[in-house]
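S.K.: Single-letter residue listing:
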Amino acid sequence: MHTLFYIWRNLKRNKLRSALTILSVGFSLALMTVLNGYTAMQDAWGAESEKYHRIVVLNIQGFSGMLPIAYVDRVRGTEGIRAATPYAWYGGNYKDEQMPFAQFGCDPKAAFGVWDEFSIDPKQLEEWQKTRNGCVVDRRLADKRGWKIGERIPLKGTFYQFDLDLVLCGVWDSPKNTDSLWFNWLYLDEGLREKNAQGTGNAGTIFAQVTSSDATAKVCQTLDERFASSDNPTRTQTESAFFQMFADMAGNVRAYIFYIGLAVVFSLTLVAATSMAVSMRERTSEIAVLKAIGFSRRRVLVTILGEASSITFLGGCLGVALGCSFLELAHRAASQIVPLSVSEMLGPWLAYLLASAAGIGLVSGIVPAVRAAQLSVIDGLRRVV
Amino acid sequence: MSEAHLDNGEPVVAVHDVCKEFYRDAITIPVLSGINLELKRGDYLALMGPSGSGKSTLLNLVAGLDRPTSGTVTVCGQSLESTSESKLARWRSRHIGFIFQLYNLIPVLTAFENVELPLTLTSLSRRERREHVEAALQVVGLSDRSHHYPRQLSGGQEQRVSIARAIATDPTLIVADEPTGDLDAKSAGEILDLMERLNREFHKTIIMVTHDPDAAVRAKQIVHLQKGVLVEKTHAGQE
Chain A
1 MHTLFYIWRN LKRNKLRSAL TILSVGFSLA LMTVLNGYTA MQDAWGAESE
51 KYHRIVVLNI QGFSGMLPIA YVDRVRGTEG IRAATPYAWY GGNYKDEQMP
101 FAQFGCDPKA AFGVWDEFSI DPKQLEEWQK TRNGCVVDRR LADKRGWKIG
151 ERIPLKGTFY QFDLDLVLCG VWDSPKNTDS LWFNWLYLDE GLREKNAQGT
201 GNAGTIFAQV TSSDATAKVC QTLDERFASS DNPTRTQTES AFFQMFADMA
251 GNVRAYIFYI GLAVVFSLTL VAATSMAVSM RERTSEIAVL KAIGFSRRRV
301 LVTILGEASS ITFLGGCLGV ALGCSFLELA HRAASQIVPL SVSEMLGPWL
351 AYLLASAAGI GLVSGIVPAV RAAQLSVIDG LRRVV
Chain B
1 MSEAHLDNGE PVVAVHDVCK EFYRDAITIP VLSGINLELK RGDYLALMGP
51 SGSGKSTLLN LVAGLDRPTS GTVTVCGQSL ESTSESKLAR WRSRHIGFIF
101 QLYNLIPVLT AFENVELPLT LTSLSRRERR EHVEAALQVV GLSDRSHHYP
151 RQLSGGQEQR VSIARAIATD PTLIVADEPT GDLDAKSAGE ILDLMERLNR
201 EFHKTIIMVT HDPDAAVRAK QIVHLQKGVL VEKTHAGQE
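Residue numbers (the working numbering), protein chains in the order written: chain A, 1 to 385; chain B, 1 to 239.
None of these hints come from the bench; they were simulated from the model. There's no promise every hint is true.
Said to hold, decoys possible - Label pairs and their in silico Cβ distance ranges:
id: 1; chain 1: A; residue 1: 298; chain 2: B; residue 2: 70; range: 26 to 34 Å
id: 2; chain 1: B; residue 1: 144; chain 2: A; residue 2: 8; range: 58 to 66 Å
id: 3; chain 1: B; residue 1: 126; chain 2: A; residue 2: 15; range: 25 to 33 Å
id: 4; chain 1: A; residue 1: 302; chain 2: B; residue 2: 151; range: 53 to 61 Å
id: 5; chain 1: B; residue 1: 107; chain 2: A; residue 2: 332; range: 42 to 50 Å
id: 6; chain 1: B; residue 1: 36; chain 2: A; residue 2: 8; range: 56 to 64 Å
Since the model is a prediction, treat every value here as computed from it, not as a measurement. Using N, Cα and C, we set each Cβ at its ideal position, and we do this for glycine too.
Start from the sequences, fold in the hints, and give me the full structure.
M.R.: Structure follows, in structure tokens:
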């Protein structure tokens, strides 16, 4: 019989208590998994973006500032730029759904040059380029919605005072689900002009692909210097930095997650310690018997620490599984918010969570374990022997 | 059961001029004073006396669970008063078998696993451990209950498992504290028969604390303690 076997039997001693402790650790770790998964997703998304050495130009004031459409050609003409397109967020409602997927106005002739890892049937691309109100979508989005080529996709403007009446011309394949729809930026701009509405001539942002990652920093600097003295100075950054900017808008999320994690770990340690202390109190005479028949202090200590760690580790496994399941479901349901599958952001953070769970067990078990190890056999047996 | 410890004439238990005092705040409570006792291999001693007379304290000293305030306690050739805690733990696992009044079996382990527990501290292989456990359970007549948990056994059966656990490592000395104190008359009789057999057939040295005169007469010697002093020593049949 081994120590592990004895630990396992003890875990099953009071099934209700063990289950409640495992569940309390599990649900808390599930929360931490979701929070840490969010930051891991950002890191993975950023790392993914780096591969394609794209840059994003926007007004120095951010999204509220104007980025004249004329800048697109000037960006294209800059040394080190391979392709560039306006990329204007539309944010319309589809039928009764509020902004159910991402919609961007771009240049049909340049978009697949900027996102050259995307692929589309050349005939479909040609059709889109010919059709003013044409659009193309990510294949996953088309499949999810059951859209076929030629489908009418009406979008009601919320930010822009012009509704789009789009026709699906093609679907693209991409390494990651973008959950996006692209339409011709000119279609939007013309509509706004016809209505004499605000927002005409605004590219929103400009996405561009540079020839090599080595040139990225220099190109960003060149572009910002070029527009520095204009009415609309720019801020140019890498695509990954651009996405990070979105995360930063919500404040220092990483710091929030860190402090929430600390609070969770602290409260879990108290929960686990209480459970272990009660368990040890109930088994005082049993521990005394173990010591009487020859179990050393160290063996008693290891047994109890092992028991505490096992119970929180099991809770940790449950929590990580729950958290990952939630992230995966969120990815399938709302890939705009959770763009990566769990399998795409596996990393040390998961091991860190499991190690934290086991660590909570170790810390929570220290006091009961030391007390058990130091227990006087005579006191423990209540002078039975 | 093997005959691991050969008789070389030396006493298994030698207690000389032992005093034991407990301290509560500033108060000193003398529990044992001037105790002298010797047991040879194969002896079977019953310790009797009223509550608080020091029986259990003396048993704890002999079993290596406590140290005397003064005097010497030598058991199986080991001087216990100055031995470290960890050495004592190892020593107990090799030389002492414990039988408790309340059986003190581990409830989450089967009878087999309870008996195996002290053997896990030895270097025996799994197969050898199984042989020892099966032999011990056979001695106590519970081979057919080896996979039962303590809650599935009667009090008498639990105590027999406890005895099997005590003899599994083939110890030189068995200490028993009120082994029949929690049993009905029939089960108590069976346990006393078993202990007598361990002494007679397997030559185990046994010290048994008891209040029950009927249990005490089953021992070869009876020692009475009163207020921490040995007052009477009788041999079986003399009471």
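S.K.: Each hint: holds or not?
M.R.: Outcome of the hint check:
1. Take residue 298 of chain A and residue 70 of chain B: their Cβ atoms lie about 31 Å apart, and the range 26 to 34 Å holds.
2. Between residue 144 of chain B and residue 8 of chain A the CB atoms are about 26 Å apart, so this pair departs from the stated range of 58 to 66 Å.
3. In this structure, residue 126 of chain B and residue 15 of chain A meet the distance hint of 25 to 33 Å, their C-beta atoms being roughly 28 Å apart.
4. One distance hint, 53 to 61 Å for the beta-carbon pair residue 302 of chain A and residue 151 of chain B, is violated here, with the actual separation near 27 Å.
5. Judged by the Cβ atoms, the range 42 to 50 Å given for residue 107 of chain B and residue 332 of chain A holds: they are separated by roughly 47 Å.
6. The beta-carbon spacing between residue 36 of chain B and residue 8 of chain A, approximately 48 Å, falls outside the hinted interval of 56 to 64 Å.
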